[in-house]
Each structure stands twice: as structure tokens, then as C-alpha cells.
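A.B. asks: The residues making up each chain are set out below.
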Amino acid sequence: MARPTPPYFGAAYYPEDWPREQIDDDIRHMKDAGMNVMRIAEFAWSCMEPHEGAYDFEWLHHVVEKLDQAGVGVVLGPPTCTPPVWIAERYPECIVMLEDGTRIQHGTRRHACPNSPVYRDHCERIVTRMAEEFGQDDRIMAWQIDNELYISGGERGCCCPVCHRKFQESLRARFGTIDVLNEAWGTHLWSQTYESFAQIPIPKSHVWHHPSLQTAWMNFQSDSYVEFAEQQADILHSRTTQPVGTDMMPFGGIHYYKMHRKLDLVQYNHYDDMPNLWRQLFWMDYVRGVCEAPFWVTETQTCWGGGVIAAGYKEPGFCRANSWLPMALGGEANLYWLWRTHWSGQELMHGSVLTSAGRPRHIIGEVKALAQSYERASEFLNTTKPRRNEVALHFSCWAWWLFQFQPQKAGFHYLNELQSRVYRPLAQTGLRMDVVDPMKSLDGYRVLVSPLLPCLDEGDLRARLKDWIEAGGTWIVGPLSDNRTLEATKYTHSPFGCLEEWTGVHAKYELCGDPRDFTMRWADGTESTGGIWYDAFEANGADVLATYIDVELDGLAAITRSRSISANRGSMSSGRLRVGLCSR
Amino acid sequence: MARPTPPYFGAAYYPEDWPREQIDDDIRHMKDAGMNVMRIAEFAWSCMEPHEGAYDFEWLHHVVEKLDQAGVGVVLGPPTCTPPVWIAERYPECIVMLEDGTRIQHGTRRHACPNSPVYRDHCERIVTRMAEEFGQDDRIMAWQIDNELYISGGERGCCCPVCHRKFQESLRARFGTIDVLNEAWGTHLWSQTYESFAQIPIPKSHVWHHPSLQTAWMNFQSDSYVEFAEQQADILHSRTTQPVGTDMMPFGGIHYYKMHRKLDLVQYNHYDDMPNLWRQLFWMDYVRGVCEAPFWVTETQTCWGGGVIAAGYKEPGFCRANSWLPMALGGEANLYWLWRTHWSGQELMHGSVLTSAGRPRHIIGEVKALAQSYERASEFLNTTKPRRNEVALHFSCWAWWLFQFQPQKAGFHYLNELQSRVYRPLAQTGLRMDVVDPMKSLDGYRVLVSPLLPCLDEGDLRARLKDWIEAGGTWIVGPLSDNRTLEATKYTHSPFGCLEEWTGVHAKYELCGDPRDFTMRWADGTESTGGIWYDAFEANGADVLATYIDVELDGLAAITRSRSISANRGSMSSGRLRVGLCSR
Amino acid sequence: MARPTPPYFGAAYYPEDWPREQIDDDIRHMKDAGMNVMRIAEFAWSCMEPHEGAYDFEWLHHVVEKLDQAGVGVVLGPPTCTPPVWIAERYPECIVMLEDGTRIQHGTRRHACPNSPVYRDHCERIVTRMAEEFGQDDRIMAWQIDNELYISGGERGCCCPVCHRKFQESLRARFGTIDVLNEAWGTHLWSQTYESFAQIPIPKSHVWHHPSLQTAWMNFQSDSYVEFAEQQADILHSRTTQPVGTDMMPFGGIHYYKMHRKLDLVQYNHYDDMPNLWRQLFWMDYVRGVCEAPFWVTETQTCWGGGVIAAGYKEPGFCRANSWLPMALGGEANLYWLWRTHWSGQELMHGSVLTSAGRPRHIIGEVKALAQSYERASEFLNTTKPRRNEVALHFSCWAWWLFQFQPQKAGFHYLNELQSRVYRPLAQTGLRMDVVDPMKSLDGYRVLVSPLLPCLDEGDLRARLKDWIEAGGTWIVGPLSDNRTLEATKYTHSPFGCLEEWTGVHAKYELCGDPRDFTMRWADGTESTGGIWYDAFEANGADVLATYIDVELDGLAAITRSRSISANRGSMSSGRLRVGLCSR
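For the protein sequence lines, the chains are Y, V and D, in the order given. Heads up: the first sequence begins at 132 in the numbering used here, then just goes up one per residue. Heads up: the second sequence begins at 132 in the numbering used here, then just goes up one per residue. Heads up: the third sequence begins at 132 in the numbering used here, then just goes up one per residue.
By construction, these hints were calculated from the structure, which means they are not laboratory data. Accuracy of the hints is not assured; some may be wrong.
Which copy? The list can't say, so a pair holds if one copy fits it or any two copies do.
The list that follows gives simulated cross-link-like pairs (lysine-lysine, DSS-like), each with its CA atoms no further than 25 Å apart [claimed, not checked]:
no., residue 1, residue 2
1, LYS499, LYS639
2, LYS297, LYS335
3, LYS162, LYS639
4, LYS571, LYS499
5, LYS389, LYS597
6, LYS516, LYS297
7, LYS571, LYS197
8, LYS571, LYS297
9, LYS499, LYS297
10, LYS197, LYS597
11, LYS597, LYS499
From a predicted model like this one, the values you see are computed outputs, not experimental measurements.
With the rest of the complex left out, here is chain Y (with noise of 0.2 Å):
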């Protein structure tokens, strides 16, 4: 059959947990409700290597050939989350150690260490096997490695002793000498002080540890995650011109812009409910800039989520909204979680397209009225592309661990704070912007937000920043920015990195807003109350770049007055200005 053509519309499906005669019902059904592609595969290792060398790809063929023959096209995933039972038994070293030493067991997902060289040379052979199979294979129209990357095993990820030493040697090869390392730690305090990269511990989450270890650990782990992904990703790429993504959401933990410099698309999976579906339009204004093709909806929901509850009966219109939601911000694929809702294992509750009885859902009136509508579309979403934004919010993974270590104010949440309190605000006012990884290039922005970030220094951004500045951008910059530097700590010279520098003004003290908050008097003569963390400055005659977003005012308004602030150079005669995130 002809390739199917966006916008994709699919669901995951599991066709090992089914009767291999029943595909033919599944299509039907397939076909009704209007879908033309299918996520398979991705947990299914143990039926294409149901034994340690022996393969069969057989089953797997008669599935592609007959989602094709139907005009469905396939997303094709390596199995790489879920490993035999075979690998727990005979390496038991590659499953993840949690902090007390004993390792997670069979019976679950995502159980192995990424660093795990035996388990990485199952993987590689996995991978490689399935691209030989299917790399040349044009009914196939993208893989999907693994599943759901997140940091297995706790709070602090596997603690076995092969990420150990890999973690020291990691910092061997970032600080070159111990020394340089308890310089930019300041390890003197408390006698930290070590002798030689082995002496350097995992930091155990019951132990009250340094911020610049715990940091540095949670990089390791995401690094460990990014570097798991792309031995997939070198494997496809050399043995298949079909794209490759993984298919996540940003969880805290791993760097989602690291993990996409090798992969070809984003794969996104999402799972909010209607109170909190504007959050999606902030991660889709985030999705959307980390590769260059438009981006996929791998996963969400029809009607609600769960495992061994249903959890969130969703209210009529929300699959509408939903599902079409991706197709307005920039994607070309919304794929349900899940097909046919399973009759056994962990996730029985969930909702899907068809129930463990392979009965339509009561949601199937709204699911083929979206096929219909994105048919009707689909002239239009495949010959435009969104409006590129001039203005860029900044949003950082690794300030989100660095926050998690460092919260800095108590009861702070990083995530909720940009979101509610500066990306919710400023989308209300119907302004259109792009989230953005600091690593990320300012080119053709004019406007740049840059609350809560706390380092100025992922990929070069002080620099870029500066000379951005100078050909004209204006940067909004704070609360709780520039402050920390790259290794966690604090600066000497001044409460920030360059503020004082580039602003000329001189942060005079500063109060912590918790548990009180204070009104704020502006340099126009306004009022203000409420905030987060508090510095006050002053004014020397220098011009002032205002590290300030009120929120009080609505969106558009907000950042007019924050440019009229930047533009206003010498005009803070009052002597002091206030700066913070402030809402009534």
C-alpha cells in the first residue's frame, strides 16, 4: 500500500498479547475508526528472542504485512525496556541497583543499568537484528527506541558499582585532578576534601550530601540515559534512512534537549487532564523546537489513564481538544495509548479504543469525528507550518535538578513556578512564544524571558546572550537568575554571575520571601506585593536591564512595561528598584 501521509493518526498496539488470528479484527476496527499508523513492538523482546540467540522475527513480519496491506503504516520499536528473563537470570549485573545494594527484579520495565556493558551488548544486538530485518523496510515509517526513558531505580537512579565507577571517571575526565575538583566544590567545609576520584561516593539520598555531588551525580545519570539512547540511534542511522526518535516526556531527570541532539523527531508522550491541558501548550511550545521535523504525539490518552485503578473519567470533548491540540502547535501525529486495552499485566484499567472485549469505547464517536476532521484538514497542516515566534521563554532540564538539590525557597517547584506563574500568565495575554533549552540558539528571537535560571553558563549562553543584547534583543532575566554557576555552588564576587555587571547595579541586599511578602515599589511609582526572592538594588546612574516580570498586569502589557523598563536607561532616580516575580 502507499505510505500513509500526515497527519498521523494511531494508537500503540500489542499484537504478542493477542491471538494471532484476531489482527484481522483489529484492523477492521482500525480501519473504522480512521487511523493509519500503529506503535508496535517496543515491549516485545521476549517473543523476538524468546531464548538467549534465537530469533523470531516471523510473527512481527505478518503484522507489518498486514497493518500494510491495510494502508496502516507501522512505528517500529526496539524492545530495549523490557529484557528477558533470561538476562535477569544469567547477568543478574545488569539490573539496576537501588541505594541499599539490592538490585530490582524481573517482572517489571526499565529494570536494566544503562550502563550495564553486558546488557548494552544485548541491546546493540536486539537493535541490530531488528534493523537488519526491517531497516530496508518501507512500510515501516519510524522507530521509537526503547520507552518512557526515565531514571530507573529511585530517587537516585542505579547505584550499581559499574555507574560508580563510571560516574568517577567521569569527573576524572571533566576536572583532570582531584584538586581542581575540591576547588570547585569547596569541599573544605565539613572536611569533604577528597584524595582521589575513588573516594568519591554515590550520594545515597539518605545522607545529607553536597549540592555540587548531588548535581553532579543526577547529570551522570541523565548522561548515562543519553548516551543508552544513542548507541540505538548510531545503530538505526547506519543501517536505515527511516527516522529515529524515542518516544518520553521532559520528566525531571533526564536532559530532554541532550537526549535529542542525534534523533531525528520528537516523539511525545502526554497525559494531563482538562484542568491542566494548558500545560501542554507550554511543553508543545517546547517539543516543537528540539528537532527540526514536526514533532509526534506517541502517547495520550481517549478517555482516561491508569494501571490497576481507571484513573480520571475525561469529560466529553476533552479527546477533541486533546488530540487536536498537537496538530494547532506544530505536530503531525497523535497516537492513543493504547489500542485495545489489555487482559492481563500491570496496566489493565487503562483506557483505549477498543476494550479487552475489542468493543468500541463509549469515546469511539469522538475519535472517528477527529479523523474525519483531521482528513479534512489535512491540505492545510501539510502546507503550512506554525508562525515562527519572536519571543523565547527559557526553560532548563538540568535547572530543574539543579532546583531539586537547591530549591533555595521553601517549598519551591520549579516546573510549577514557570509554568503557573510565568508561561500560563504570559500565553492568557494570547502571546505566541517558544520554550527554549539555553543551549538553544537566539537567532530570530527579539524578546527573550529568562526567569528561574539559575546558570547563565549551558552551552556558552552567557556569551551568546551578550552579543544577542548588544544586536538589539531585549532580555527579561529573574527572579532566582544567575546565581548559581555550573558546578552548584555560589558566586564570591557578587550575589550573580554578570547581572551586576551588564546592568550596573548593585545588588544591596537580599530577603528571602518565605514565609513573608513585601510590597514593592517601582520606579514608575507602582505598587507590588508578593514574590519569590527578593534582591535590592541600586541604582548608580548606570542603565538598568530589568531582571522583572509582573504578572499582575496582563501578558502583552507585562512585557511592554518590562521594555519600557529596558529602554528607560537612567530613569531609575528613585534610587532603589525591587526586582522579583511578583502576583497578587
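With chain Y held as given, fit chains V and D onto it using these hints.
C.D. replies: Just chains V and D now, with coordinates in the frame of chain Y:
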């Protein structure tokens, strides 16, 4: 002295904790309080066998003799709940292993593994010796095996290698080959497929495991305790004609009905307070039918419970109500825990009859009055028995732990829903019923209520039920009934095992009732709101068996209404019936 | 320079964290702030002994010299709280073992076992070396052993084999034979009886253990830290005449009074906020009497506390009130934690005098004003001392952990009840009192209040108390007093050890006050409601010592009233007195 006659009235007595000569003072108070039974010895292993193989029963004979002289009968407890310190020291493999591989310690109770052959041998020895000492002693009224059996070791029970291997063997015995297990559990998902029984893990609680595995493990743990108790029952039955029971509550975890297959009487403990005393109606309606003989309350409180705190003063009159309840509901004994509050150990603050200083507590007036009222009613009690009920309500221990691993609905708690949303409204209408295990015979019942009974295959219920319905029984079923197999998986031919077939209705779709309630329109035009789970049925002209309990109506009315729907074949002409458990 | 005179005003200073040349800038700020004392070195082991046996005190001499030149005295801290990494690496047996058998890691503080002979040798070595360097140096004003001693390792402290064996030996030393222990603890219950001391386990927190064992274990842990500190005190006392203390709060866990038996002065840390500042009255009324010398506040906050978050902005004036409190209550030093906020490590957000960037914080005005007001008051402060109080209130560290294992009443928290329901109402009447350990002499007191004092046998209190009462002292006792032995068991002859005998009343019965309050009718006809625990007494014509504090009356009135009851011998003719601690 002559053996006491019912009603039995007494307490748990721990002479091993007190000076030998104090017994005369205790007995004087017992007689004064009107008591005729004492339960003794169930924790006193270290007094009976202070060193391995060195026995001392003299003190126990002395106690039995003294009590008998005063006309106080004895319930004798093999002390296997608290093995002496030399077992923990010399045979550490006997001690329960927690999930993390560490073992519990000496210094508590229920710390030995029920499957440990070494511990089982020690138990056999001490029980045999006790039976030799007292098996032919007619001053012993009954035996009580162990004390409050429950699954020890945290959420998953004992995780020692002996348990692990025995679990794997139990699966081999059940399935024969590993392929059968794989098919039954649907392990193809997530590559969970096993190659051999030796690969089946203990499903640790921190791992996201397969519910079929979890359910099987808890089933195995339960069976282990049943087998443990049965070993002692066999020993005692071969050496004495005195009745044998085991005192416990129907805790979630051990199958209470299976536990009593070889036992002669139910020895039931309970500690509800006044606001929850209605729950004891449920439990006594249940325990009444578990064995043939009238049940005994072996533990309840006089005035409050507690360990290192005194927990909950009970208002005047509570003791009277609480103590009459078993007599009204088919019991013949009421024993308090405890006679004299300990002066040492873990339960220093528990209510009792006498304080640690040997003074009658403030509750002594109610206690004495009870003795007198029991005495006045004794002829009536001893010449009558509770009327056989025509209505039965299903309560399944197996469902309890199935729902633990598959609640289906967020926040769903089987026992609480069953008691508060089904049993209580029915009971409040004055309807008297038996609460019965699914394995129990249906003979003699006219109406059977089976809500929240996910599996109809315990004890071949499905076939027996069909016969019983065809013979004229009225069955009220659902919600959440008949939707899981004995392997804790779903059906694939229908949402239900046989409900569609039996009723001739077709389940159109399912809606999860959380977090939203729906309004249901019934066949008779009435509407109701709220629910656990909804299934939409299409009437197709066939007969309808209503899967519905409407607790908006008061008790008997609800039953009547259900009957009328049940009888009203063909009347579902509106085309849809929404079913569920409703409450305002 | 001349040695500074009181009042001492200063901070904790960490020159090891900063460039050597920065000290001049710091000292300039110190002088500007009016400070005359700095506490240094207590975490700097790795700077003094960077590699095993290789010492470097040059930097420390430099700091002492520089401070002295500026007239700033030095408090010097042996750094045993933070052993260098080579101890953890080379002698892993030194590191605290958690309950699960794992050991804490390097990279934190207080991670070494106080009983480890190897660690103790290292401590002896470094303390001896420091004493040799600075013991005769009159620029050193005082020594501070370690830092904030507390029981490390979670709920149960260190559970290593060394601790375990030493615990068993401590029991052998106390009881002589295991039979004596068995009798004292009543281990016959639950077959807990031990055959040898080697069988006594560490009472792990997840096991339902015997409270006598739990209490003995915590007693042992406390003794271990006392012995640990005393080792250093002995070393220092033999090599210097400078006074020796240890800075800590009276944390639950270590017996604060015992800790100071060999120390010369109290070095007290506190961090309460404004709403809880009244609690510092309690603590300073306590620490004032622990040593002969005036106490020092060695740590408190200028503006907020915090670690990786800044915790709690303090309102203007807080610093002044907080800093004057010790001077008003018998102290002679007030030191802030810390001088200059760290730029690295675990406590980046803590308030201070200077920020990490070396700028005075907003609080600098209050700090300077304090220095001036101290100076103005210095002659008065140095020529007076607090008046000796005639009223004493018992506070027992031992009771604190007894109640931890035996709260008796649900939700009971010893310290909070004592502070908020006894101390505070009395203090609010203007009554000044000493808070005293039960081991302290009663000489000079006219009234003694002993609420919530379960055991009267600490330091032979019972005999001393009897003499004191017979000599005319007025004792106000209860509730929850005299109802436990030193072995944490109950009395068997009476609910109380001697209260019945001493007062001539008879406890008729006990009612637990939870969850219900009772109305009490007093001898004088008044009624009151609420309470912790009730005992009903029968007057038998004998003298009455009132076991009662009525906090419904304001302070002094309550005392008066108690006295009148106490004096009113024979007046309890109503036949009953309900006693308890009452509040509206």
C-alpha cells in the same frame, strides 16, 4: 469441679508474668467477677521449654489445677507465636525474612517463618508435648492454636528462600508447565515470559509487578499459614477430643474460611469501638457460619485497647453492648483481653479487668452485671440457636486481596465498601442475613447478594450458582462482579465471565465512576446518582437478571425492587439499563 | 592584644572555605560590627590533617594570630564531627551503621561511630595535637568539643557490631546475671526470656520491641556520646586551663545534664523563631544551672536559618530580642551562625552577618546596635548575676526518651506538654523559676514542680525529695509522675511508686483522657475540664500532697492554690480528689 457450661465468660490470663502465689488473689477476683473460663499459655513457650529439649509443665499443671478447683475452665494455647530466644539464636533460618533480605529479630511475636521446616519441627514437638500433658485432661475445655495468625514480615510476608522455592513449587503443582502459566497470566506483555518456574520472583512491593503474580504470592502466603495451623490441628486431633480452634480476626491476608476447614470452632477476636460496633454484626454474621459449633469471642476489650498508649476510653454501656453482641448472634463465649494488665512488656496500657496493681478497674461494675445477666439468660441461650437466615451476602477473602492489587477504582477499599455501602443499609432495614464465603453451600437460601465479587470461580461457585438459580434462587449481583478470572486477569470474550450470557443483556460500554458521578435512569423511570463503576447494557429482548443494588431505598425495599426487576422479564424495553451501586 | 571581656559577641567563622588573604577584609567587617569573639575550626580536620599523620596547623595559627591582632578572641573546636575521607576509606569500621546494616557515607557530618575504638584513637590523636599546639596559647578563650552532638544513624543510632557488643556488656555490668535482667524487665511475657547477654538484640525500629529494651538501648546510645565527649574533655583538661564545653541543643536522645558533668561551661545553640521564642526562656532557665559558669550561646541566627533553602525571614527586632535573651537569663556570650554565608556545600542559604559575596546583610544595623548596647550594659552585666530562684521545675532527659517509647496517651509529646502546658502558664504570671534535672540538688528551693516525671529514681531523687519535703519544701507533683521504674516497667503494688504512701490517698481507678475529657470536681467545689490522664483518689483521712497543677488559674495563683491544698491536711473530706493537668 464440674466443667463450666455456656455462656462462657472470662479473659486471657498470664500467670507466667506474676508471682506463683498471686494466683489465689487472681482467682478470688475472677470468681467475684463471675467468670468461668480463662485462656492461658499461648505465649509461654519459654516457660514450658526454657532451654531446648528441657521441658517444664509443672507450673502449668498448677495453674490448671488451681483454676479447676475454683470451677474455672481452661482454654489452652500452644505457644508457637513466640518461639524462645534459643530458636532465633541457634536456628536463624527460622526467622521471617523481610523484602530487603534482613530477618526480623527475637523480642517480638510472629517472627518465625510458617514454612521453615526447622521451626515447624520445633512447633510439632512443643504441641505434641502439650497434647501429651493435657490432651486427656478434662479440665481443658478447648485448644487455641497459636495467636492471631497474620502474614508477618510487612506487605509481602516472609521472603526467605524456603518460601520462595515453595512458592515456585506451588505454581508448578498448579500449572504443570511454565507455558501454561505464561498463557494464563498473559506474560507476553512487557517480555515478562518465564522459561522455568525457578525464574518466578517474589513480587517485592517496591517493584511494579504483574497483578497475577502478586495475587498468586499472597494466595501462597495465606496457604502457608493455613498449612501451618493444620499441622497443629492434626497433632491435637490425634491426641485429644477437646475442640480445636485458632483465635484471630479475619485480617486481610489469610483466607479465614480456608483456615477453618480442619478446625472445630471459631475463636474470634475483635476490638471495634462504639461508632464501628455495627461492623461486628457483619463479622459475627460471617463467623457464625464458618464452623458448625457456636463461635467464641476469645478477645475483646473491657474499656480500652492499647499498647504503649491507652487507646480510646469507651463510654458507659459499651462493655455491656459489646459483650452481649456475640450471645445475640450465635456465639457462646465472651473473653476479655486481658485479665490483669501487664506490668512489663509491649502492652502496658491495655484495658483489662484488674490493673497491674491488682485493683478492679472502673469497668468492674459492668463486668459483674454481665456475669449476672448471662447467668439469668443461660437457659434460654443454651436451649435455642439463631434462626437460619434466608438471605446470604457474599464476602470473599480472596476478593479482598485481589482488590488490594487491582482496586479498579481509585481509593476503592473492598471491605469498607462492602460493609458500609451494602451490608449496613441492608441490615438497617432489619433484614437478617448470613455473610458467606463463595465456597460455602447455597442450600437453604432464597436470596443471594454478590456485590464486589470479581471472581465466580472460587469453590466452583459458577456451576453451583447456576443450579441454584435454576432451582428458583434470586441472585442479586454486582457491581464489579464476575469481571476477573481466578488468575486475576480479565475475560476477553466479554467484560464478564457469564453475566451477559446468563442475563441476555449486552454490555455496551464501561464508564469509570471516578472522579465523576453519573445520573442513571432506570427501567421504571426513576433516576439515581453516584456509583462505583458503570456498565451500560443494551437490553436485547432477553431475560434480565438485575446486577443492581439500590441502597437509596431502605433495605427490604431494595431487595423487593431487585426481585421485581429480576422477575420482570422482558420489561427492559427502554433499551438501556445503567447498573451500579448507588448511594445518595 | 588584651583578652576580650564579656559580654562576648561574635560568630562562627570558616576561614578554611575562603582565600587566605581574605581574612583582612573579614576582620575589618568584624570590627565594624563590634564583634570580639570568633568560633573556628570545628569542621576543619581535613585542613589540619590532610593525609593520615600529616599535620598542618600553620593556617590555623595564622588565623588565630590575625584575629588576636584585631582583639578578637578565639573559641577553638576539635573537628571530630567531620573526619577526613581517608578515615572512611581506610577504616570503614568507623562509620555509623544504620539499622539495615549499611553504613553512612563520607560527605556529611556525624557519620562516625562514637564507640569505634579506631575512630576514638584518631580523635584522641587530633585533639591531643591541637591541645599541644594551642593548649597554652592565651589567645584561645575556650574549647568547643565536636559540634552539635546528637545520636546519628536514624531512630536507633549506630547499630554496628561494636555498639551491639558494648551494649550487651553495659547490661551485664548493670544486672550481673541474665536472670536479674529477665526479672527486672518481665521478659516471661511473649517468651522474651534471655539465656545470656549475648542474645540481647539491638531493638530495631521496625520490630515491635520491649520498651525496657528500647529505653536501655537509647540510654546506652546517650552514654556513648557522653563518654565520647568526656574522652576529649580529659585530654584538654590535662593540657590546658582554658574552659571546655561542647555546643549542642538539648536534643532528645543525649542526656544533656550527664553530658556536662566533666565540662566547664554550657555552649548552647538555638534557632527558634519569634512565635516560639518563649521556649528559649525554658531552655535558658535550664542551661543556666547545668554548669557553674555563665552559659554561652554558641549558635543562633541573625535573620534566618536554612540549608539548601532559606528558612523563615525574621521580622525587624527579632535579632535584638533573640540576642538579648541570653544576657538577661544568665549567659555571657552570643555568637551567630554564621559570619559569612558559605559559597559551597550543604548550607548555602543560611542567614549570617555577611553574604557569600562579602556584603553586610540587611540585618547589619541590628547587629551593630546590639554591639553598642552590649557595650553600654557591660559593666552592669559583668558585676551582677541572676537572682537565685526559689521555684524549680523538673525536666528530665530520661523522661523524654521514656515517653518516646511509652507515650501512655495517644499523641502525647513530653517536651511540648511540659513547655506549653506547664512552664509557659507559670512563666506568664511573672514567676521566675529554674528548670532542673532530677539529679540536681534541691537545696535552696522552696517550691518544686514535678509534672510528667514518670520516674523518681534518677540520681536517688526519691530519698532526697523525702528529706527535702520533711524539711519544709512544697512539692507539686503529677500528672503522669512516679508511675514507672528506672527499668521502664510499672509498679505492681500501686499505680505509683510512693505517692499513695506519702500522701495517704488511695488511687481508686484510672481513666485514660483520650479521646474524651472529664469534668473534675475539686475539694473546694470548683470544677474543671480537660486533661492528660486521670486517677481517682480516695481520701482516707490522712494528709494530702496535691498532685495537681491547675493552669486554668494564672501562674502564681496556681502555685498558691496548690500550696493551700498541700497545707490543708485532712480537709479532703469529700472523699475524692481527681487529679490531673487541666486546661480549658
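A.B. asks: Flag every earlier hint the structure violates by its number, smallest first.
C.D. replies: Violated hints: 4, 6, 7, 8, 9, 10 and 11; rest satisfied.
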